[in-house]
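Peer 1: With the hints as your guide, set chain F onto chain L.
From first to last, the protein sequence lines are chains L and F. Quick note: the first sequence, position 6, residue 468 per the numbering used here, numbers continuous. Quick note: the second sequence, position 25, residue 34 per the numbering used here, numbers continuous.
It cannot be assumed that every hint is accurate.
Unchecked claim - Simulated crosslink set (BS3-like; lysine-lysine; CA at most 27 Å straight-line): (1) F:K65 with F:K79; (2) L:K471 with L:K481; (3) F:K66 with F:K79; (4) L:K498 with L:K471; (5) L:K502 with L:K533; (6) L:K506 with L:K533; (7) F:K79 with L:K498; (8) F:K79 with L:K506; (9) L:K533 with L:K498; (10) L:K533 with L:K484; (11) F:K79 with L:K502; (12) L:K503 with F:K79.
What the hints assert, rightly or not - Selected chain F positions facing chain L (Cβ under 7 Å, derived; list incomplete): (13) G25; (14) E50; (15) L54; (16) P90; (17) A101; (18) F108; (19) G111; (20) T115; (21) V116.
Keep in mind that the hints were calculated from the coordinates and are not lab data. We treat Cβ as the ideally placed atom computed from N, Cα and C, and that holds for glycine.
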Amino acid sequence: DTAVSQTPKYLVTQMGNDKSIKCEQNLGHDTMYWYKQDSKKFLKIMFSYNNKELIINETVPNRFSPKSPDKAHLNLHINSLELGDSAVYFCASSQDSGQGSGGYTFGSGTRLTVV
Amino acid sequence: TQLLEQSPQFLSIQEGENLTVYCNSSSVFSSLQWYRQEPGEGPVLLVTVVTGGEVKKLKRLTFQFGDARKDSSLHITAAQPGDTGLYLCAGAPGNQFYFGTGTSLTVIP
Chain L
463 DTAVSQTPKY LVTQMGNDKS IKCEQNLGHD TMYWYKQDSK KFLKIMFSYN
513 NKELIINETV PNRFSPKSPD KAHLNLHINS LELGDSAVYF CASSQDSGQG
563 SGGYTFGSGT RLTVV
Chain F
10 TQLLEQSPQF LSIQEGENLT VYCNSSSVFS SLQWYRQEPG EGPVLLVTVV
60 TGGEVKKLKR LTFQFGDARK DSSLHITAAQ PGDTGLYLCA GAPGNQFYFG
110 TGTSLTVIP
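So here's chain L without its partners, still in its complex pose:
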C-alpha cells in the first residue's frame, strides 16, 4: 500500500487548459501539503491543509486552488495553465507540523509539462 499516492504521474497539456492532480494518504496524518519542485530541484511549499483549513498559502497565483474533500485527500486544481507552471508537483503529509521524528511523507510526484 502506497502511503501517499498522487495521480497522474505525468501530465502534458496545452497552455490555457485547466487540470487537476489528486492526492490521497492512508497514514492517518492530520496535515497535507502541496510542494512545487523547479528545474533546479528547489522545493517550495504551495499549500498546507490541517483539518480542512488552509494554514499556509505562499505567494501562489490564484489560478492554483487546493481542495480537500476529507482528511485523507488534498487535490490541486490549476486553471489557465501557463508555460511557467511546468514543474514537478509533490503531495506530502505529516502528523502535526512534521518537524518531529516522523517528518514529512511525500508522494512520488506529478511531472507537469505545459506546451
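Peer 2: Just chain F, lined up with the frame of chain L:
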C-alpha cells in the same frame, strides 16, 4: 539567498570515498531534518536532529546538528552507488517549513 544553503551543490565521487555535505543558515532551528530524493521519486526522510551538538548515525551516514542549531552536516563513509541522489536538509525557524537548496550526489562504481 535561500534560508537553508547547502554545499556543495553537486558532488561526483568514486565508490568507497568519503564525503560531507553541509547545510547552513543564519536562523536558529528547533530541529533539522535530512531527506534523500531519488530520480522520479519524492524525498524520503533520513533523520531528524533536535539537540544542539547532537550526532546521529544511520549505517554509513552520520548526521550532526551544530551547537548553535543553525547548521548541520551529513557525512557518508565509503560511499556506495546506492547513495546516489539529491540530499535535502529542511527545518522551520518559526511556523513555516523550508527545504535547503539541495546537494546532488553521484557515486560512480
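Peer 1: A separate judgement is required for each hint: does it hold in the structure or not?
Peer 2: Hints, verified against the model:
1. Between the alpha carbons of K65 of chain F and K79 of chain F the distance comes to roughly 17 Å, so the proposed pair stays at or under 27 Å and holds.
2. The hinted pair formed by K471 of chain L and K481 of chain L meets the criterion: a straight-line CA distance of about 13 Å does not exceed 27 Å.
3. Pair hint K66 of chain F plus K79 of chain F holds up; C-alpha atoms about 20 Å apart against a cutoff of 27 Å.
4. For the proposed pair K498 of chain L and K471 of chain L, the alpha carbon gap of about 14 Å is at most 27 Å, so the pair holds.
5. Taken as a hint, the K502 of chain L and K533 of chain L pair is broken in the structure, with Cα atoms around 31 Å apart against an allowance of 27 Å.
6. Taking the CA atoms of K506 of chain L and K533 of chain L, the gap is near 22 Å; set against the 27 Å cutoff, the hint holds.
7. Under the criterion of a C-alpha separation no larger than 27 Å, the hint pairing K79 of chain F with K498 of chain L is consistent with the structure, at around 25 Å.
8. Pair hint K79 of chain F plus K506 of chain L holds up; C-alpha atoms about 20 Å apart against a cutoff of 27 Å.
9. Using a Cα cut-off of 27 Å, the hinted pair K533 of chain L and K498 of chain L holds, with the two alpha carbons roughly 21 Å apart.
10. Only pairs whose Cα atoms come within 27 Å are accepted, and K533 of chain L paired with K484 of chain L is accepted, the gap being roughly 13 Å.
11. Between K79 of chain F and K502 of chain L, the direct Cα distance comes to roughly 24 Å. Compliance with the 27 Å bound is thereby established for this hinted pair.
12. Taken as a hint, the K503 of chain L and K79 of chain F pair is honoured in the structure, with Cα atoms around 22 Å apart against an allowance of 27 Å.
13. With a cut of 7 Å, the hint placing G25 of chain F at the interface with chain L is violated, because the nearest CB-to-CB distance is about 26 Å.
14. With its C-beta approaching chain L no nearer than about 5 Å, E50 of chain F sits inside the 7 Å limit, and its interface hint holds.
15. For L54 of chain F, the interface hint holds, since its Cβ comes within 7 Å of a Cβ in chain L; the closest pair sits about 4 Å apart.
16. At about 20 Å, the closest approach between the beta carbon of P90 of chain F and any beta carbon in chain L exceeds 7 Å, and the interface hint on this residue is violated.
17. Checking A101 of chain F against chain L: minimum C-beta separation of about 5 Å stays under 7 Å; hint holds.
18. Proximity of F108 of chain F to chain L holds as hinted, the smallest CB-CB distance being about 4 Å (cut-off 7 Å).
19. A distance limit of 7 Å between C-beta atoms decides the matter here; for G111 of chain F the minimum to chain L is near 5 Å, and the interface restraint holds.
20. Nearest Cβ of chain L to the Cβ of T115 of chain F: about 14 Å, over the 7 Å cut. The hint is violated.
21. The closest approach between the C-beta of V116 of chain F and any C-beta of chain L is roughly 18 Å, which is over the 7 Å cut-off, so the hint fails.
Of the hints listed earlier, those the structure fails to meet are numbers 5, 13, 16, 20 and 21, in rising order.
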